Amino acid sequence: MTAQNFMNVVRFKLKSDCIEQYFEVIDKTSFEGMTQRYIAKTGDYDYCFVGIWKNAEAIAAQRPAMIAHLDEVRGFMEELSPELGVTDPVSGNIVSKVGYHD
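Numbering-wise, the sequence shown is residues 1 to 102 according to our numbering.
In case anyone wonders, no lab produced these hints; they're calculated from the structure.
This structure is a prediction, so every number in the text was calculated from the model and none was measured.
You may find that some hints are simply not true.
Unchecked claim - Here are the simulated SDA-like pairs of lysine to any residue, each with C-alpha atoms no more than 25 angstroms apart in a straight line:
#, residue 1, residue 2
1, Lys-13, Gly-92
2, Lys-41, Gly-75
3, Lys-15, Phe-49
4, Lys-13, His-101
Take the sequences, apply the hints, and build the full model.
This is how it looks when you write it as C-alpha coordinates:
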(Lines of atoms letter the chains of each structure in order from A and count residues from 1; the text may use other names and numbers.)
(Lines give C-alpha, C1' and ligand atoms only; values in the text may rest on other atoms or scores of the structure.)
Protein backbone atom coordinates (compact mmCIF):
# COMPACT_ATOMS: atom_id res chain seq x y z
CA MET A 1 0.00 0.00 0.00
CA THR A 2 1.27 3.47 -0.79
CA ALA A 3 0.41 6.49 1.33
CA GLN A 4 -0.50 8.91 -1.42
CA ASN A 5 -3.07 10.81 0.61
CA PHE A 6 -2.67 12.70 3.84
CA MET A 7 -5.36 13.82 6.27
CA ASN A 8 -5.69 16.46 8.92
CA VAL A 9 -8.44 16.57 11.52
CA VAL A 10 -9.14 19.58 13.73
CA ARG A 11 -11.60 19.67 16.60
CA PHE A 12 -12.92 23.12 17.56
CA LYS A 13 -15.81 24.89 19.25
CA LEU A 14 -17.48 28.01 17.89
CA LYS A 15 -18.89 30.85 19.94
CA SER A 16 -22.68 30.74 19.72
CA ASP A 17 -22.90 34.17 18.10
CA CYS A 18 -20.13 33.53 15.53
CA ILE A 19 -21.28 30.42 13.67
CA GLU A 20 -22.57 32.21 10.58
CA GLN A 21 -19.48 34.43 10.40
CA TYR A 22 -17.18 31.41 10.64
CA PHE A 23 -18.88 29.61 7.76
CA GLU A 24 -18.86 32.76 5.61
CA VAL A 25 -15.07 32.82 5.96
CA ILE A 26 -14.45 29.08 5.64
CA ASP A 27 -16.65 28.77 2.55
CA LYS A 28 -14.33 31.22 0.76
CA THR A 29 -11.15 29.49 1.91
CA SER A 30 -9.17 26.94 -0.09
CA PHE A 31 -5.66 25.56 0.13
CA GLU A 32 -3.54 24.31 -2.75
CA GLY A 33 -3.06 20.57 -2.44
CA MET A 34 -6.24 19.97 -0.40
CA THR A 35 -8.49 17.72 -2.47
CA GLN A 36 -11.50 17.47 -0.15
CA ARG A 37 -12.72 18.94 3.10
CA TYR A 38 -15.55 18.11 5.46
CA ILE A 39 -16.89 19.75 8.59
CA ALA A 40 -19.01 17.66 10.96
CA LYS A 41 -21.15 19.19 13.69
CA THR A 42 -20.45 17.04 16.75
CA GLY A 43 -22.33 19.04 19.40
CA ASP A 44 -24.30 22.25 19.86
CA TYR A 45 -21.24 24.38 19.05
CA ASP A 46 -18.64 21.66 18.54
CA TYR A 47 -17.22 20.82 15.12
CA CYS A 48 -14.62 18.60 13.51
CA PHE A 49 -12.80 19.64 10.34
CA VAL A 50 -11.35 16.94 8.08
CA GLY A 51 -9.03 17.85 5.22
CA ILE A 52 -7.78 15.39 2.61
CA TRP A 53 -4.47 16.33 0.99
CA LYS A 54 -2.47 15.02 -1.97
CA ASN A 55 0.42 14.19 0.35
CA ALA A 56 2.33 15.33 3.44
CA GLU A 57 4.37 17.79 1.40
CA ALA A 58 1.21 19.56 0.24
CA ILE A 59 -0.02 20.22 3.77
CA ALA A 60 3.47 21.23 4.91
CA ALA A 61 3.67 23.79 2.10
CA GLN A 62 0.33 25.28 3.19
CA ARG A 63 1.14 25.58 6.91
CA PRO A 64 1.80 29.35 6.78
CA ALA A 65 -1.51 29.88 4.94
CA MET A 66 -3.36 27.65 7.42
CA ILE A 67 -1.91 29.59 10.36
CA ALA A 68 -2.98 32.85 8.72
CA HIS A 69 -6.46 31.37 8.24
CA LEU A 70 -6.62 30.32 11.89
CA ASP A 71 -5.63 33.84 12.91
CA GLU A 72 -8.56 35.10 10.80
CA VAL A 73 -11.14 32.84 12.49
CA ARG A 74 -9.63 32.50 15.98
CA GLY A 75 -11.99 35.15 17.38
CA PHE A 76 -14.98 32.99 16.39
CA MET A 77 -13.75 30.06 18.50
CA GLU A 78 -13.95 29.13 22.17
CA GLU A 79 -10.84 27.96 23.98
CA LEU A 80 -10.91 24.17 24.34
CA SER A 81 -8.36 24.24 27.17
CA PRO A 82 -5.34 26.32 28.24
CA GLU A 83 -3.07 23.56 26.89
CA LEU A 84 -4.76 23.24 23.48
CA GLY A 85 -5.99 26.75 22.83
CA VAL A 86 -8.87 26.96 20.32
CA THR A 87 -8.06 23.86 18.23
CA ASP A 88 -7.12 20.23 18.76
CA PRO A 89 -5.33 19.22 15.51
CA VAL A 90 -3.91 15.88 14.39
CA SER A 91 -2.67 14.70 11.01
CA GLY A 92 -1.19 11.70 9.30
CA ASN A 93 -1.07 9.40 6.30
CA ILE A 94 -4.29 7.74 5.24
CA VAL A 95 -3.65 4.04 5.75
CA SER A 96 -7.10 2.68 4.92
CA LYS A 97 -9.71 3.93 2.50
CA VAL A 98 -12.97 2.18 1.65
CA GLY A 99 -15.62 3.52 -0.70
CA TYR A 100 -19.22 2.73 0.13
CA HIS A 101 -22.07 3.12 -2.31
CA ASP A 102 -25.77 3.66 -1.68
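Hint check results:
1. Taking the CA atoms of Lys-13 and Gly-92, the gap is near 22 angstroms; set against the 25 angstroms cutoff, the hint holds.
2. For the hint linking Lys-41 to Gly-75, the alpha-carbon distance of about 19 angstroms falls within 25 angstroms, and the restraint holds.
3. A distance of roughly 16 angstroms separates the Cα atoms of Lys-15 and Phe-49; the hinted pair therefore holds under the 25 angstroms criterion.
4. With a CA separation close to 31 angstroms, the supplied pair Lys-13 and His-101 exceeds the 25 angstroms bound.
Violated hint: 4 only; the structure is consistent with all others.
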